[in-house]
Each structure stands twice: as C-alpha cells, then as structure tokens.
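**Student:** Protein sequences appear in the order of chains A and B.
If you read the first sequence in my numbering, its first letter stands for residue -17, the second for the next number, and so on.
If you read the second sequence in my numbering, its first letter stands for residue -17, the second for the next number, and so on.
Treat the hints with care, as some may be off.
Intra- or inter-copy, both count: the list cannot distinguish identical chains.
[Unchecked claim] Straight-line alpha carbon distances no greater than 27 Å define the calculated DSSO-like cross-link-like pairs of lysine-lysine that follow:
(1) 288 to 209
(2) 237 to 8
(3) 206 to 104
(4) 290 to 209
(5) 8 to 234
(6) 246 to 288
(7) 13 to 31
(8) 9 to 290
(9) 19 to 209
(10) 202 to 288
(11) 237 to 9
(12) 246 to 33
(13) 104 to 56
(14) 206 to 288
(15) 9 to 234
Since the hints were made in silico from the structure, they are not lab data.
Everything numeric in this text was worked out from a predicted model, so none of it was measured.
Protein chains: 2
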Amino acid sequence: MIEDKNQKQTSLDSLGEFGLIDHLTKKFSVKNASTLKGIGDDAAVLNFKNKSVVLTTDLLLEGIHFDLSYMPLKHLGYKAVVVNLSDVYAMNANATQITVSIAVSNRFTLEALEALYDGIYKAAEAYGVDVVGGDTTSSKTGLMISVTALGDVDLESVVKRSGAQSNDLLVVSGDLGGAYLGLQVLEREKQVFKVNPNSQPDLDTYTYIIERQLKPEARKDIVKLLKDLDVLPTSMIDISDGLSSEIIHLCKQSKVGCDLYETKIPLDPQVISTCEEFNMDSTTVALNGGEDYELLMTISQQDFPKIKANPNLTVIGYMTDLSNGMNLVTRGEAKIPLTAQGWNPLGPEPKDH
Amino acid sequence: MIEDKNQKQTSLDSLGEFGLIDHLTKKFSVKNASTLKGIGDDAAVLNFKNKSVVLTTDLLLEGIHFDLSYMPLKHLGYKAVVVNLSDVYAMNANATQITVSIAVSNRFTLEALEALYDGIYKAAEAYGVDVVGGDTTSSKTGLMISVTALGDVDLESVVKRSGAQSNDLLVVSGDLGGAYLGLQVLEREKQVFKVNPNSQPDLDTYTYIIERQLKPEARKDIVKLLKDLDVLPTSMIDISDGLSSEIIHLCKQSKVGCDLYETKIPLDPQVISTCEEFNMDSTTVALNGGEDYELLMTISQQDFPKIKANPNLTVIGYMTDLSNGMNLVTRGEAKIPLTAQGWNPLGPEPKDH
C-alpha cells in the first residue's frame, strides 16, 4: 500500500501495440516441444502429436476479481496464470501453453505492465508453460486479463467431473479456507489504511493465508504424485468456488450422492486461529470460501492403500447412491444437506468485494 | 437505433453463472471430430490426431472496438467470432473450435445476452466451429468479449508471415476500404440521430459498406479456393489494421521489400462513390482503413496462371529485395514509402472512436 513516488513512469501512449507486446514478451522462451511457433504471426502453431489437448479460459476484472490496493501487479500476473493452470491440472493434464490478453486504461504505465508481465513470466517459468499469444488493447476503466491455457494428456488419462462412482472415496489436496481468510485480513487492513494512511500493518501472523490469497499455486505436483502413486482418480475438479460448490458439481455430473465429514476437512492452524479472531466458523469458510485452487477428486476404494500415508491428500468422505443426497456429516453426527453458496460472479453484490 | 420498449427484459442478477452459461449455450452442437468434450468440465478435451493446431485470441471492448448505439448485439457476437476465425484462415488452417468469454455490467439483460449469443451461434454454424468453453462474469462498466479460436492444418500447409521471397506476387482477396467507410456512415448517422432522434436514416446507398462494418465475413472460402487451385502462398496475413500495415508486417518478417501499385487496389464502386461524398482519398482509405478481414498473401510467380482468371484474387504488386524498401507506386508512377497509420488500440485517441 506504500508507493515509491520516485519510480520511473512511462506513458503507454508513447508505445504502439506492437512495440509494447514485443517489449513485454521479449524474455519469454519456448519450453515445450508442442510449441512450433509462438508470438508473432496471425496465430501460434502447435503440434500435440497423438496426445489429446485440454483447453480452458478465465477472465479477471479489476474491481470484480481483484483489488489493486492490496494485490501487487506482479502477484496478479502470477495468479492470473495459476488459476487457469489449475483447471488444466484438474483434467489430470500437463499444462503446455497459455495466451494472455490484457485491456488497460491509460492510468497504467509501462512499468506497471512490466510488473504484471514479470508475474506472468514467473508463473510460466515455474510451471513450464509457453506464452504463445495474446492481445493488448486499451480500456476505458481499469485492468482486465483474459488467459487461455492448453495442456496435453493421453486420452485414457483424462479425468472428468463425471466419473465418480458410489463408494468412491472423496479426497482433497492441501488444506482449505486459507485464501478466503487471507482476503478478509487484507480487506480489514485496507479499511484501517483508509482511516490512517500512516499505519504500518503487522501481518506476520497471517503470512500463510495472505500468500494463499495473493500468490496461490496450482497443484501440478499432485498430478505428478497421482501418476507416481499409480492412482487414476475417477473424477476431479479444482476448488475455485469453495468445497461445497465443487462437491455438488462432481455429484451432479456423476449422478451420485456424497457424505462429507466435517471433522476430516483439512485446515491449517492459521485458518483455525484467524477464524477464531474473526468469529467465523472454519467449516463454513472451507465449504464456501473458494480460491483455494486445491484438487478435489474421487478415487476407487481399492486405491486407498496407495494414498493413505500421503500428507498431501486427505480423505474427507465418500460417494453414495444418488438417493442419499449430498450431505455434510457434522461433528455432532447430524447430516445437513450441502448447498452451494460459492462465489457468484454475476450477483449484484459479489461477496468478496 | 430504434428500440422496442415492449421487449421482455430479464435481470441477469436473477440467474447464477452456471444457469446462464447453460441457458446461452444449450443449442450449440458439436460439429468437429476433434472436439471430444466441449462445455461443462474444468476444460474442454480436443484431439487433433496428427494435425498441427493454430491458436489465436482477440479482445473486443465496448467504447474501444464497438459502439452499441449502431452495432446490434447479434451482429457483435457474429463479428467477435469472425475476426478470430480470420486469423485462423490467415494461417491457411481450418477453424475448428472457439471459446467465448464475456464480462457484462448489470445494464445488460438476459435478452441482450441471448441476442449476443445468437450471433455467436450463427457464426459458429456458418463457419462450422464448435464453442467449447468460456467464462461469464460481471463488469463494472460495459461489455467485453474475449474469443480464442483454434484450427487444424497439416504442418506443411501452414502459411506464416515470414515466407515471402523477392519477385513473389502480392495478392489480395476481395476489395478494400469498405468497412472503414461503413463506420464513417454509421458515425455520421449517430450524430444526426443525436440532434434529431426521430430522423429515419436512408442507408440504401450504403448497404455494402455498412455490411462490411457490421457483419464482416472471414475468408474461409479463399483457403478452400487456394487448395482447389493447388496454390500454397509463400506468406499470408489477414487485413485487420489496413493494407499498408499488413504489407509492412509481411515485408519485415520476410525481410523483403515491396512495390504496391495504387491502380491495382481493388475497390467496390460504393467505396469510390462514398469516398467522393466524404471527400476522402480512396487509396488512403484502402491503405489505412482496416477491418476488411480480407487475406493478403504472396505467391510464387509460377503460380500466376492458376490465379489470374479468378475474380476473388487481385494481384496488387510484387515483392522486391529488401534494399528497394516498401513503396506505393502512384497513378502518376511516383514511388512513395508505405507507412503504417493503422489502428493503434493503445493510442490516446483511437481514430474510429
């Protein structure tokens, strides 16, 4: 929230579109054999040989999906890539290429876009994907980022949302609720800052949850782990809208029911302590918080021995017949129907802004 | 510009994201064997067998790229698809899939989005492409459309911008300048309408150029024609920014020069008459107008007999050694260096809005 007023500021108007794209992407290199031609023609040219291709796209808008008052542009660039790659990994695929399109108003400087592209570059390097195209244009208000991601996968390894069977185990990677709580902390600090611009926030006790919000990672490692463990999930989805909403997707598309055990939901100690501080229920936060970018999957019971010792994977319930419905089994062993209260991007009052 | 005030108007707030996407895309069907799974999972699943894949993306923003006061939403949806497909055809590829992401403010109703998607549907049907994904979100101001298009092509048939050789013929499809002039007519009518909202515009004499602006077509037919004629261009690009700008791209990327003959530039009679009416130079309009979505290509002289009788293709010049530079040879046989005055989407005052 503290700006260095002495930074060099170059107006975007002084560069043409082509000069800008060249400038921003000049250090991007090609890492995948499937990328035959990247940026610089009417279209990129790719060749996936016999592999199947997965394709996904996401739109991020200032004021709707992010707030630049606490989201540094470099982190935003990183996150914009990660949220798309998460969808690729949720198909059990290997992420290979992205395109990045941005619309910016003239309040952004060249240096601001360089910071954004630095984050995009960092993510592309970290996940081994090639930036093969995009579009850059002006906007009347604010910043908009559209990322499309491609990945390759053997057709028999594709994991859809629709393959869960009754009695399959419901498994989640990592822990839940952190990203949402990180946002609550940042929002609180923003309000404090508005009242007293000289206040210096002490965020040391929130390091993990703030990083979950500002610099989320996609679980490329889980896709590799599943391969190493020789486990092919029967269904999989990434957690962007919240655990509850994603479980409902798996159940509806697989035509099964589910019992989710409240006591099994993995929570980081910082999530638990921050929930206490904010007087929030940690189960509600994990169910509806969203933006965790963990992978939620179902696996056959016969694969349980392969995963049970792994600290990255937690069994949180099991799938049932459709007639059982979708339930949360509470600490008190009551069964409550799951409802999707996840983030509705078209609602009149998005919950996290 | 005349609205039917009795149309049914449904607020977007009353629908969730998932309900909206389902509703808008329910009549979209799969037409390509390469589309294994379209909308409905974390990502689409495609398989191109041994074909190479071309990938391109474009961003269209209200107030920057289109003006809804004269661009009907259905036409806008159609055009958003067409401008992307044009890039696929410019690689000499067959367009196969698109993703469409939109951000809308709450001033748009469900019926407005239905009109937009109706145009997208019409284009997908007309060009035989599958809509396999996208994202829908709210915006604080206006409408934003991001389209990504994929196509397949045999690797040896890919035509890049970089393959032109000295002495190759410079060839263009269709005619030029119409889209830009159509925009001038629509802008003039908008100003008239502002002064007198009851005026009924008589646009009969501008039918062709207005259609070039509001409902452009991508030259899928030219890709087929070239194959039928057994002509593989040495380089190709689509004309989005204007003939001059695109010639410069071909020359720079191919490291050649060019002589373009003013008298050879194909112009529709309506372009000529409207230029006279607006007191504009038709050559300037063709060179710098843009949005024509014709294909500009270079072909080897030995292929000239194959194309010379074809009314869809016009030879407008030839490529030279780099040292010759890039020139317009005028009616008076003077040589003037070509300059790119095409549309700069990052300029402070975009010329056509």
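**Student:** Does each hint fit the structure? Answer for all of them.
**Tutor:** Status of the hints after comparison with the structure:
In the homo-oligomer, the alpha carbons of residue 288 and residue 209 lie at most 27 Å apart inside one protomer (11 Å), although the nearest pairing across protomers, at 54 Å, exceeds that limit. Proximity of residue 237 and residue 8 under a CA criterion of 27 Å is satisfied inter-copy only: 20 Å between copies versus 48 Å inside one chain copy. Taking the closest pair of Cα atoms, residue 206 and residue 104 come within 27 Å of each other only inside a single copy of the chain (21 Å); across copies the shortest separation is 42 Å, beyond that limit. Taking the closest pair of Cα atoms, residue 290 and residue 209 come within 27 Å of each other only inside a single copy of the chain (15 Å); across copies the shortest separation is 58 Å, beyond that limit.
Taking identical chains as interchangeable, the C-alpha atoms of residue 8 and residue 234 lie at most 27 Å apart only when they sit on different chains, with a minimum of 17 Å there against 45 Å within one chain. Taking the closest pair of Cα atoms, residue 246 and residue 288 come within 27 Å of each other only inside a single copy of the chain (19 Å); across copies the shortest separation is 72 Å, beyond that limit. In the homo-oligomer, the alpha carbons of residue 13 and residue 31 lie at most 27 Å apart both inside one protomer (16 Å) and across protomers (22 Å), since each shortest distance falls under that limit. In the homo-oligomer, the alpha carbons of residue 9 and residue 290 never lie at most 27 Å apart, since the shortest distance is 43 Å inside one protomer and 44 Å across protomers.
For the homomeric pair residue 19 and residue 209, the shortest alpha-carbon distance between copies (23 Å) is at most 27 Å, but the shortest distance inside one copy (30 Å) is not. For the homomeric pair residue 202 and residue 288, the shortest alpha-carbon distance inside one copy (19 Å) is at most 27 Å, but the shortest distance between copies (52 Å) is not. When the C-alpha separation of residue 237 and residue 9 is checked against a cutoff of 27 Å, the pair qualifies only between copies, where the shortest distance is 23 Å, while the shortest distance within a copy is 47 Å. Within a single copy, residue 246 and residue 33 get their C-alpha atoms no closer than 37 Å, and across copies no closer than 47 Å, so neither meets the 27 Å cut-off.
Taking identical chains as interchangeable, the C-alpha atoms of residue 104 and residue 56 lie at most 27 Å apart only when both belong to the same chain, with a minimum of 9 Å there against 39 Å between chains. Within a single copy, residue 206 and residue 288 get their C-alpha atoms as close as 14 Å, which meets the 27 Å cut-off; across copies the closest is 53 Å, which misses it. For the homomeric pair residue 9 and residue 234, the shortest alpha-carbon distance between copies (21 Å) is at most 27 Å, but the shortest distance inside one copy (44 Å) is not.
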